[in-house]
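Number of protein chains: 2
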Amino acid sequence: MKEKQLIYEIKYLSTNKDELVLNETVFHNANGYIGIRSNFEEGYPEGFDSIRGSYINGFYDFAEMKQAEKLFGLVEEKQTMLNVADSQTIRIILDDEEFNMFEGTTLESKRWLDMANGYTGRKIVWRSPNGKIVEIVIKRMTSFYQLSLFTIEYSVTALNFDGEVRFVSSHIGEVMNYSNPNDPRVAGESFKHLLPTVAKIEEGASYLTSHTSRSGLSVCTGVKNILSKECSMHTSIEEHSSTSTFDTSIVKNETIVLTKYTVFSDSIRHKDCESHAMKEMEMALSVSLATIYGYQTEYLNKYWDNCFLDIDGDDDLSLAVSYNMYQLIQSVGKDEYSNIAAKGLSGEGYEGHYFWDTEMYIQPFFTLTNPSVAKNLIEHRYTILEAARDNAKILGHKKGALYPWRTIMGKECSGYFPSGSAQYHINGDIAYSVISYYLATKDIDFIASKGAEIIFETARLWIDAGNFYNGRFRINEVTGPDEYTCMVDNNYYTNASAQYNLQWASNFYYLLKSTGKLCAIESKINLTEYEVKEFERAANFMYLPFDDKLKINPQDDSFLSKAVWDIENTPKDKFPLLLHYHPLYLYRHQVCKQADTVLAHFIFEDAQSLDTIHNSFKYYEKVTTHDSSLSTCIFSIVASKLGLEDEAYGYFGDSAKLDLFNTHKNTKDGIHTANMGGSYMAIVYGFAGLRLKESGLYFAPTLPKIWTGYRFKVNFEGSQINVQVKENQSTFTLINGSKKQIYVYGKEYELKDTITIMK
Amino acid sequence: MKEKQLIYEIKYLSTNKDELVLNETVFHNANGYIGIRSNFEEGYPEGFDSIRGSYINGFYDFAEMKQAEKLFGLVEEKQTMLNVADSQTIRIILDDEEFNMFEGTTLESKRWLDMANGYTGRKIVWRSPNGKIVEIVIKRMTSFYQLSLFTIEYSVTALNFDGEVRFVSSHIGEVMNYSNPNDPRVAGESFKHLLPTVAKIEEGASYLTSHTSRSGLSVCTGVKNILSKECSMHTSIEEHSSTSTFDTSIVKNETIVLTKYTVFSDSIRHKDCESHAMKEMEMALSVSLATIYGYQTEYLNKYWDNCFLDIDGDDDLSLAVSYNMYQLIQSVGKDEYSNIAAKGLSGEGYEGHYFWDTEMYIQPFFTLTNPSVAKNLIEHRYTILEAARDNAKILGHKKGALYPWRTIMGKECSGYFPSGSAQYHINGDIAYSVISYYLATKDIDFIASKGAEIIFETARLWIDAGNFYNGRFRINEVTGPDEYTCMVDNNYYTNASAQYNLQWASNFYYLLKSTGKLCAIESKINLTEYEVKEFERAANFMYLPFDDKLKINPQDDSFLSKAVWDIENTPKDKFPLLLHYHPLYLYRHQVCKQADTVLAHFIFEDAQSLDTIHNSFKYYEKVTTHDSSLSTCIFSIVASKLGLEDEAYGYFGDSAKLDLFNTHKNTKDGIHTANMGGSYMAIVYGFAGLRLKESGLYFAPTLPKIWTGYRFKVNFEGSQINVQVKENQSTFTLINGSKKQIYVYGKEYELKDTITIMK
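In order, the protein sequence lines correspond to chains A and B. Quick note on my numbering: the first sequence kicks off at 42 and runs consecutively. Quick note on my numbering: the second sequence kicks off at 42 and runs consecutively.
One chain only, chain A, in its complex shape:
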């Protein structure tokens, strides 16, 4: 990775309200366990909208979600990710003037994210109203090495004066989640989810423990402040907050540094989270901050080496792609208790819930670059498999597991089931991700211990959900990925997904049987060969709708009979349509929010002829609004597949820049993790044509016209492969690991060192 690609910097910080709240997201620090929005330590003036949050992945409270009309099985309680504490606050008082960027004069300022070293920085040269000039440099880090740890290194240098300086550092245990009654994407009202349990000071560190109001969980945060200079120091606890005050003097050109360590612990991972927090604090303090920084750099060196991706000819894009990959490693859960939320750990949009975004948009990136992270994600799904079995029962099923459409700890959180629980394809998506992980790693032991159980239970669900009619296996009343038509019959994507899931249930059954690894799972879930035959029969006779006239796969049984929405003549301000039209009106029309059948054409490209895929692509292109950020990357990938190079690049467009350049105007609520994975996919699966198939690893590289070339690395069955694409040629290099068979443009090659293939 070129260095320029790993630094994102803003010079001349604006104090515009909207930019401040946006940058809280853009510069947030996270490591997959904790996430801290980048608020100014010193706060903002009154009236500034700010989402001052610190989050723990997978930590939740239950919240009431009343249904307007009670019906059996409708969800009336959701989980919500909590803002757990505020340890960001640090105030600096120079004699009697308090530093803040809204008074005095900011002579110099910048804010940056260093993705090579894993921290964010802010630097300000500030002249106080009375003329004192200070340089303030703040480095913030959430450690990848010690996941519980968040540090702030706060340096103050007096540039033109001698005087007194006071540091006031707070640790606030009573915090609330952000709410906005007018925005359906965040919580509508605030509720006190966290209640104080214990507040204490031990060895100069404050520990605040709170418990959740309904979910029976606890969280402890510990904060320790260390000043680089002798001082008079005072720490007090009042209610559920602790404040440390450091008084000292400063002379011209002297730098004083406050280092603030925060550790987080929760009772999901550690029964006694308070003593665990103390151990974590001890660990943090046992080495120097420089050493911790060193670990961070080391971790990221390895990360960047694994997911290396470089584009020649578009620096902004290269930066955006790096930014996205950085956010993905910041966001992804690193244990079985967590997954990757729609907004990562960067904000409260979608309340920290996990969706299919994980499996279909994000996991493919990790599967290719960090298979162990992909494995963690599957482990989380395995952890909630029992909850998915319960969910299936609620939905009326006699067997199998149905994953919740949105969740943290496994229970469904969808308030509106027609575009929530009805999205049965989540089962197929999770199965697909397990199968892809297997195809990329051949990790049969993991399949035997966990993966197969997921595959078998989801396969069982399809058998219970579908039925034979006229000799075909049909799946009625489900919602596909496109939420502009809900509860349809034989959604092509869902049926194709189910077919793949069922086929692989059979594949894994015989694979495990032949390797002697079947017994444990077979007896655990009482699987019989008779059932496996049922899986095969349903897969073989799966009904995949096809329209003879248009020679396309209809999105579902009724899609083509509906009136076509006049997208062209719909006023711009009516998009996204879901904010302006009643669901019934949307459902009654041929209009798609996002790729649905087209997504199926990407992941099951061998299920249809290239002609059908081409016809489908052209058809759905006309009726898709791309109101979801998950859409254009898929259209781009399929356009690449079809050789529609201009369209492929057109759909790729600025999607990679969504959050870094706030193109959707809602990054303040958090990053769009799925889009980040999706834009990676548009390059590697799209332009480079990578596919993981049972028969092996496939490529079909193309080069967008305005690029001069691109390079990336992938992992396949334990080997690392470098791919370099230039005009008319692509070069494949085995960096490490054993030789592999690869397919390029459909032709098989043995990759031992380097192969260059001309287009």
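These are calculated hints, taken from the structure and not from any lab test. Treat the hints with care, since some could be wrong.
Note that identical chains are pooled: a pair holds if it fits in a single copy or bridges any two copies.
Stated by the list, open to error - With a cut-off of at most 25 Å between alpha-carbon atoms, the simulated DSS-like pairs for lysine-lysine come out as follows:
{"id": "1", "residue 1": "K439", "residue 2": "K615"}
{"id": "2", "residue 1": "K416", "residue 2": "K780"}
{"id": "3", "residue 1": "K615", "residue 2": "K434"}
{"id": "4", "residue 1": "K375", "residue 2": "K416"}
{"id": "5", "residue 1": "K452", "residue 2": "K107"}
{"id": "6", "residue 1": "K483", "residue 2": "K788"}
{"id": "7", "residue 1": "K706", "residue 2": "K111"}
Once you have looked at the hints, place chain B on chain A.
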């Protein structure tokens, strides 16, 4: 009407909790404007569940109805019928012992409803713990002559003592609606909808005025107590209640009577409801109570004459049918501000909302027996036509009107739109009722002034909701009457309804044109002949699904491809299914809550061959649970039509007795008005085969085996006709009005005096 049919009496009153709350419904007094549940005046002991309510038809407040997930156009505010005041309370103190049936000894008791004279009675002979014996007789009436008036005539006779007696009569203005968080059929939580405005005493009467919290309405109740004997009397007002105390003495065998007049007025009908209440009180007091009773009897004489129906051979049934007809005239709104609620004015179930029940189950009774009441009902729908236009816009339509699925004042109150707003057939139902009214009365002036506007605007909606595909006009994403499949394509009932609506829009257009009555409406709503041609085209090419293999009309496009629900092997305690299965699971199966296609076969019997209707009937019979009380009456009617006499009687079964004998165990929340109309229909439209068609009035009488005969009267085009059915013969007599052509068993007859037709 035989007298025995018009008295319902219970002897030996039970003080069982469940029976008390049930009888509050069974013996409630109502007149279409006001409804008072029959609570004991003296109250019940603590811990008794009681719904002590007084209601005004069409009077409402808005209540919040939060959606679990916000989506465009979803209803977040409903209307709710209010409990407006309590004027039932009367306490009797004999020396120092207060009468109540839970202490002392009840020596004799009965409770009765006199449907000939329009009042309810309670008589108790009670011995106090100290041995005083009194006879108490209480008559309660809501006047049909003066709709605002509710009277209680409370007589006390000392049977074995002389002593002091005190009457304490209350008028309570601060009341709440009943709530039960565990029952989805009534409100889940209480909210103070009514806030005090003014309380005052004028000329010995108390007037309490309150205003609603959100809907901007006011209500005033006035109470005046008159004691038959000189006494010391004191009236006081405290907070928003008034209490009148009457102290006097009583001697053995003396009877003292307290007459309590309550008048109700509301600001929907009368801007200044307080002065209007005073006028109403003046009017009530201007004649004697005996005179008011006389008016009541007179009103009912006429009513019973119009809707005369008598069954030989089943007295219980005759009583139940009379009870039902009595409840219908008690419940039906008598002005344009009100309609008939699902529970009439007898309880708070369904919150006083109006549904399609009116048009499809109740109005047919009034159309035949009291066409002016049917006209009132249409007038109410006309009053809310503008709201229906707004509703259409919310649902995305560019033109036309879409009636709300449930409402009081016109705005939609459905919390769950898939089985609420999606029931577009409400438009067809209302159109059908207008057309039926026209067919029964030929009242073209009413069509010109109001009816046609409804027909044209609903027709426009169909044009906007449907679309042509493969040469057929289709209507997608609607819910038919059967709520166990929602948001389907081409629901047969809906499409057939829409076709009828569109056809009649054209019929009325040309009818009005030819009679010179078109101009006003044509210019008011900018109707063009081009649009009428569109109506015709859609009607002519309406897609009515037909299955070639089964030779039936499928309920919708996908119905037959779904798995058939195993009704037989579903445990009894899992019915009604909607309380035990997730909607998605229900929707995925062939299982019907109620008549859907079969209802279409009843009202559009000429749209299909008898064979098809027979096949459909037999098919749907097997997949229908009749979980709705609106189902069996329709199956009975169609069975009659098909000559399936045993089945017709089997489906008719005890449906007429639902409320009088509480067979559904939920009459405490209110009567089932639609079932009452439906059981009437099962006799007159079912057994007697009555149909209103463009070509005239049809009969095809059959006689259930266990009856010896039945008789009823109907109105047709201003003439009154008596129909007498006996074994193998039926006799038609023109009672008054001009001669009519009628069709019996398909053959035309001229009815001048009497015709007897042998079967």
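A quick look at each hint next to the structure:
1. With identical chains, the CA atoms of K439 and K615 are at most 25 Å apart between copies only, with a shortest distance of 15 Å across copies and 43 Å within one.
2. In this assembly of identical chains, K416 and K780 lie within 25 Å of each other by CA distance solely inside one copy; the values are 23 Å within and 87 Å between copies.
3. In the homo-oligomer, the alpha carbons of K615 and K434 lie at most 25 Å apart only across protomers (15 Å), although the nearest pairing inside one protomer, at 39 Å, exceeds that limit.
4. Taking identical chains as interchangeable, the C-alpha atoms of K375 and K416 lie at most 25 Å apart only when both belong to the same chain, with a minimum of 10 Å there against 70 Å between chains.
5. Taking CA atoms no more than 25 Å apart as the test, K452 paired with K107 passes in both settings, with 16 Å inside one copy and 22 Å between copies.
6. Taking the closest pair of Cα atoms, K483 and K788 come within 25 Å of each other only inside a single copy of the chain (22 Å); across copies the shortest separation is 81 Å, beyond that limit.
7. In this assembly of identical chains, K706 and K111 lie within 25 Å of each other by CA distance solely across copies; the values are 20 Å between and 35 Å within a copy.
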